[in-house]
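Given chain X, work out where chains Z, C and P should sit, using these hints.
Chains as they are written, first to last, in this note's numbering: chain X, 1 to 324; chain Z, 1001 to 1324; chain C, 2001 to 2240; chain P, 3001 to 3240.
Hints in this document: simulated from the structure, not taken from any laboratory.
Bear in mind that the values here come from a model prediction, so they are computed numbers and not experimental data.
Glycine included, every Cβ here is placed at the ideal spot set by N, Cα and C.
Treat the hints with caution; some may be incorrect.
[Stated by the list, open to error] Simulated restraints on C-beta separations:
#1 2237(C) / 1246(Z): 23 to 33 angstroms
#2 2211(C) / 256(X): 49 to 59 angstroms
#3 2149(C) / 3128(P): 23 to 33 angstroms
#4 2149(C) / 1089(Z): 26 to 36 angstroms
#5 3175(P) / 251(X): 53 to 63 angstroms
#6 89(X) / 2211(C): 33 to 43 angstroms
[Claimed, not checked] Once the Cα atoms are required to be at most 16 angstroms apart in a straight line, the calculated EDC-like pairs of lysine to aspartate or glutamate come out as:
#7 3128(P) / 3109(P)
#8 314(X) / 3149(P)
#9 1318(Z) / 2109(C)
#10 3128(P) / 3197(P)
#11 314(X) / 3109(P)
#12 1314(Z) / 2146(C)
#13 2128(C) / 2146(C)
#14 318(X) / 3197(P)
#15 314(X) / 3043(P)
#16 1318(Z) / 2146(C)
#17 1314(Z) / 2149(C)
#18 1314(Z) / 2197(C)
#19 185(X) / 2073(C)
#20 1185(Z) / 3073(P)
#21 3125(P) / 3073(P)
#22 318(X) / 3109(P)
[Stated by the list, open to error] Cβ-to-Cβ under 10 angstroms is the rule here; a few derived chain Z residues that face chain C:
#23 1028
#24 1029
#25 1247
#26 1273
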Amino acid sequence: MAPTDQRTDDREAAFYAIVDSDGRIEPRDDMPEAYRRTLIRQIAQHAHSEIIGMQPEGNWISRAPSLRRKAILLAKVQDEAGHGLYLYAAAETLGVSRDQLLDLLHTRKQKYSSIFNYPTLTWADVGAIGWLVDGAAITNQVPLTRCSYGPYARAMVRICKEESFHQRQGFESLLTLTRGSAAQKAMAQDALDRWWYPSLAMFGPPDTGEQVSGGHTEQSMRWGIKRFSNDELRQRFVDMTVPQSEVLGLTIPDPDLRWNDERGHYDFTAPDYDELFRVIKGDGPCNEQRLRHRVEAHEDGAWVREAAGAYAAKQQAKRAEAAA
Amino acid sequence: MAPTDQRTDDREAAFYAIVDSDGRIEPRDDMPEAYRRTLIRQIAQHAHSEIIGMQPEGNWISRAPSLRRKAILLAKVQDEAGHGLYLYAAAETLGVSRDQLLDLLHTRKQKYSSIFNYPTLTWADVGAIGWLVDGAAITNQVPLTRCSYGPYARAMVRICKEESFHQRQGFESLLTLTRGSAAQKAMAQDALDRWWYPSLAMFGPPDTGEQVSGGHTEQSMRWGIKRFSNDELRQRFVDMTVPQSEVLGLTIPDPDLRWNDERGHYDFTAPDYDELFRVIKGDGPCNEQRLRHRVEAHEDGAWVREAAGAYAAKQQAKRAEAAA
Amino acid sequence: MTTQRYALALGDDALILAQRLGEWVARAPELEEDVALANIALDLLGQARTLLTYAGELEGAGRDEDALAYWRDDRDFRNVLLVELPNGDFAVTMARQLVFAAYQYELYDRLRGSADETVAAVAGKAVKEVHYHRDHATQWVLRLGDGTDESRRRMVAGLETVWPYVDELFEPFDGADVDPTALREPWTAYVHGVLAEAGLSVPEPTASRRGGRDGLHTEHLGYLLAELQHLHRSHPGATW
Amino acid sequence: MTTQRYALALGDDALILAQRLGEWVARAPELEEDVALANIALDLLGQARTLLTYAGELEGAGRDEDALAYWRDDRDFRNVLLVELPNGDFAVTMARQLVFAAYQYELYDRLRGSADETVAAVAGKAVKEVHYHRDHATQWVLRLGDGTDESRRRMVAGLETVWPYVDELFEPFDGADVDPTALREPWTAYVHGVLAEAGLSVPEPTASRRGGRDGLHTEHLGYLLAELQHLHRSHPGATW
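So that you can see chain X by itself, here it is in the shape it has in the complex (with noise of 0.2 angstroms):
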């Protein structure tokens, strides 16, 4: 065996002890290719979807119904973009620039949450958002703030704070909704009826069965990436999500759902995998908009950008020749 392969070895081995450990990789160490390149495509999937994510809530900036719910929306929003920002920062620590990210986007060969295909029609959908949506972002996230790599576990803590008082938020603003009058009320349970399902597919496929998808998930275990499984997480989103219905007093359209004394949790109708492998490879109600909306926004920008480039190139060489 050549001494190359004898201090890869090593390496992998000095890898898997930090990992197995619960320790921490950091940008520094050692990290096998697949581990790099698995975790650069997850970290960027979850960047891009806080930016699309800016969209199907940003429309509702504009018209939000009292000046109150217009700055906690735009704060929220402003948090998702700031959210991209940590992310991207995170995958770049992994050696590659925002822009290659942004273009795999823009080229259709990264995705962000199917979720966000979906579009918001009414002002309850905002709130619905926060709920379901921020939800299961949070029951997904959680686990990663003790991922095995570090500045992703980083940015995952502030991101799962800040989400779960999104939450909050998206919580209260459905109760205010459902204390209303009849047509808030209505409101409210039209965009529980909508976003259940989809909020439920955000988990991904199922783990069993014959929509299991690739199984990369043992591979994500193993490394320490992927705390839990799919299925897993899917029901202790529905365990937690029921009783908050009931707070709200809305029904989840779900005729099939009722509380199993025996498993210890909620027996549910599982979402419909086929629309989820439908809206994930392009054919959502709104993946053609956002996706152009993004490139629109960043070709629009592109004149920005390389101003604020050549103006930092000049600023430099004046500093140099003063220096000089």
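Then chains Z, C and P, alone, in the frame of chain X:
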């Protein structure tokens, strides 16, 4: 005297013989170059006013408060486009093209009526424009149905007929407001308050005094393309409009307005001609907006007009080939 | 007898497209098109008024055309998604016009034979209007498709923009006076013929968007309705 | 004591500009700007809420911030025209930001000394926010003015677009806590300094537009308000 001059004299005599006998000059008839140029400018300005005038009213098409009013307004704005078409066609009989005239409009070398440089701030403005602005336009234009240039006179017959219909619709729309809620009545009064003096200014500067303009009036009267002086027409408009305002139950914003038994006319406060000259010069609330909107629509449509031209040329070539 | 749902669906299609076409007024590529697009918008608005009035009568709850146009929220509108799409450039608008007018022509042509007298009467008038709309769009698709390189490129893009919204026109509709699925064949014959003459390919079927008939709209409709309804809703009960 | 008219004018300025800046969110040239523009919008919205609430108290007719924001028509808004202009491109927005933040900075700096405690407190908080807004705009005007040829061309055009709306900021205002005319000189010193550093000329004075303080707005405001108010007005009396 050279024979050419003799012929010129003969032609001029023939021209004046027609004009003096209240006949009609037709496109193939001889006419003095100055007459032709003046008419082109006058008809073009009138055509430009029709198409720029689509903007302030078009501003309310999407927001009209009932479907019936939306239909009436759409039809009216469509008529204005149609008037533009007749008038450009009338001007074209004098040897200029619509493209040339539009170019003169877009480069600010020709004007349009200054009234359209005021904004339509509320729905009542649409009614006020119909009642006052169309009313003033008709007062100006009815005499032109007897003007010396045939194509212009005939265009004016059709236009006046339609505008008189619009004027009645505007009046009726305001009447509905003044018979409606307090908010609607206030909206109507506010519109009258803002449109009264600009409407009076539509008749141009006074015939006497220091603000009298260049003095084309006399020449135009001699040529039969102006029949009454600015002040005569303004007085006629006031005399017609005051009783209508009483039917509406609205107050004309002129404390000195009163019937003068001796003159057999209403006395009234003249509009602020300094303001008129400022707006004509380009410093009205909407001059920039109107012209920019117009130029942008024209530029955005350039590829469409080019395509239509290219297609027509291809079709003609095909027909020529088929015939050969 | 026509159902209220059906009258509403047809009326909403016409109303929302009239609103979109109205946005072109004073922005068209040439004055003739300001006239033409306003005229088409007016025809559609006229159809909408009759159909919404009739939908209100069928409902029997005292709602007139304005109550239905101004006081329903977007989840209660029943138009197909196609008509609520933003206008885009002139090629997008003409692609939509061709698709929609060819559909409306086949629809109204058959609705003339509806057992419901009101609907038959609406259709009898509208079919002539829509025949002109279809012809207008056809002429422009030919000109743009076989005009310049730029117009061809834009026309291709315009067709691609609207194509995902075609299927919804021909979806089954419970209680329709005329089965929408039966309109697809004659529609295809006409539209594909126009595209062939213009030297344009029929866009590849990619996505297929639906939901309008169930009140599941695009995010564009809410903005359209905010503009359409704001003034009316600001003065409840007022007469205009 | 501050007048209701003055509190309303200042509150409306902040509200309408917040609404405009909110339109940039998810459309900004880079993510940092999505954050920055949302942040500025939030600051302005916060100022608006406090000032409108106070205007309602001064009026004493029971109107709160939402009653004033959602139930007044455009003739009753008192903001300067500058803030209601469409955003245009990023250069137009940054030109407006420079002009307006530099004005607000001088204003709030002096309002800290207002005899009215509420206004003094608002100003004390706002002056720090606005200092950041001014700095943000300054940095961008420098970058765009001294960036590329295109950015320079756009920055010049942006300044020309907003310049006719500058004079209105400094018009006398009866009963103002701080005389607006007194703000012009320090504003000029700051803004002209930035333009000089960016290598940009001060636009030639052409037209000078005014009227906002008297409720005489541009045609743009009505559309902004239709969007802002539609949902709220659709549910009179509801709590959100």
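For each hint, the structure was consulted:
1. The hinted window of 23 to 33 angstroms between residue 2237(C) and residue 1246(Z) holds, with their beta carbons roughly 28 angstroms apart.
2. Restraint check, residue 2211(C) to residue 256(X): a C-beta distance of roughly 25 angstroms breaks the suggested window 49 to 59 angstroms.
3. Under the hint 23 to 33 angstroms, the C-beta atoms of residue 2149(C) and residue 3128(P), about 56 angstroms apart, miss the expected range.
4. A beta carbon spacing of about 32 angstroms between residue 2149(C) and residue 1089(Z) agrees with the range 26 to 36 angstroms that was offered as a hint.
5. Distance hint check: the CB atoms of residue 3175(P) and residue 251(X) are about 55 angstroms apart, consistent with the given range 53 to 63 angstroms.
6. At roughly 38 angstroms, the beta carbons of residue 89(X) and residue 2211(C) sit within the given window of 33 to 43 angstroms.
7. Restraint check for residue 3128(P) and residue 3109(P): the C-alpha separation of about 9 angstroms stays at or below 16 angstroms, so the hint holds.
8. Of the supplied pair hints, the one linking residue 314(X) and residue 3149(P) holds, its CA atoms being roughly 13 angstroms apart against a limit of 16 angstroms.
9. A threshold of 16 angstroms between alpha carbons decides the hint, and for residue 1318(Z) with residue 2109(C) the separation of about 34 angstroms lies outside it, so the pair is violated.
10. Proximity of residue 3128(P) to residue 3197(P) is assessed by CA-CA distance (about 23 angstroms); at most 16 angstroms being required, the pair is judged violated.
11. Among the hinted pairs, residue 314(X) with residue 3109(P) is inconsistent with the structure: their alpha-carbon atoms are about 34 angstroms apart, more than 16 angstroms.
12. About 9 angstroms separates the Cα atoms of residue 1314(Z) and residue 2146(C), which keeps this hinted pair within 16 angstroms; it holds.
13. Distance hint between residue 2128(C) and residue 2146(C) is unfulfilled; the C-alpha atoms sit about 27 angstroms from each other, more than 16 angstroms.
14. For the hint linking residue 318(X) to residue 3197(P), the alpha-carbon distance of about 14 angstroms falls within 16 angstroms, and the restraint holds.
15. Among the hinted pairs, residue 314(X) with residue 3043(P) is inconsistent with the structure: their alpha-carbon atoms are about 32 angstroms apart, more than 16 angstroms.
16. Distance restraint check for residue 1318(Z) and residue 2146(C): the Cα-Cα separation of roughly 13 angstroms lies within the 16 angstroms cut-off, and the hinted pair is therefore satisfied.
17. Restraint check for residue 1314(Z) and residue 2149(C): the C-alpha separation of about 13 angstroms stays at or below 16 angstroms, so the hint holds.
18. Among the hinted pairs, residue 1314(Z) with residue 2197(C) is consistent with the structure: their alpha-carbon atoms are about 14 angstroms apart, no more than 16 angstroms.
19. A distance of roughly 14 angstroms separates the Cα atoms of residue 185(X) and residue 2073(C); the hinted pair therefore holds under the 16 angstroms criterion.
20. Between residue 1185(Z) and residue 3073(P) the CA atoms are separated by roughly 14 angstroms; this keeps the pair inside 16 angstroms, and the hint holds.
21. The straight-line distance between the Cα atoms of residue 3125(P) and residue 3073(P) is roughly 29 angstroms, outside the 16 angstroms bound, and the hint therefore fails.
22. Proximity of residue 318(X) to residue 3109(P) is assessed by CA-CA distance (about 34 angstroms); at most 16 angstroms being required, the pair is judged violated.
23. A cut of 10 angstroms between beta carbons decides the hint on residue 1028(Z): the least distance to chain C is about 26 angstroms, and the hint is violated.
24. Violation of the interface hint for residue 1029(Z) is found here, the shortest Cβ-Cβ separation to chain C being roughly 28 angstroms, above the 10 angstroms cut-off.
25. Below 10 angstroms, beta-carbon pairs count as interface contacts, and residue 1247(Z) has none with chain C, the closest being about 18 angstroms; its hint is therefore violated.
26. For the restraint placing residue 1273(Z) at the interface with chain C, the shortest Cβ-Cβ distance is roughly 29 angstroms, beyond the 10 angstroms limit, so the hint is violated.
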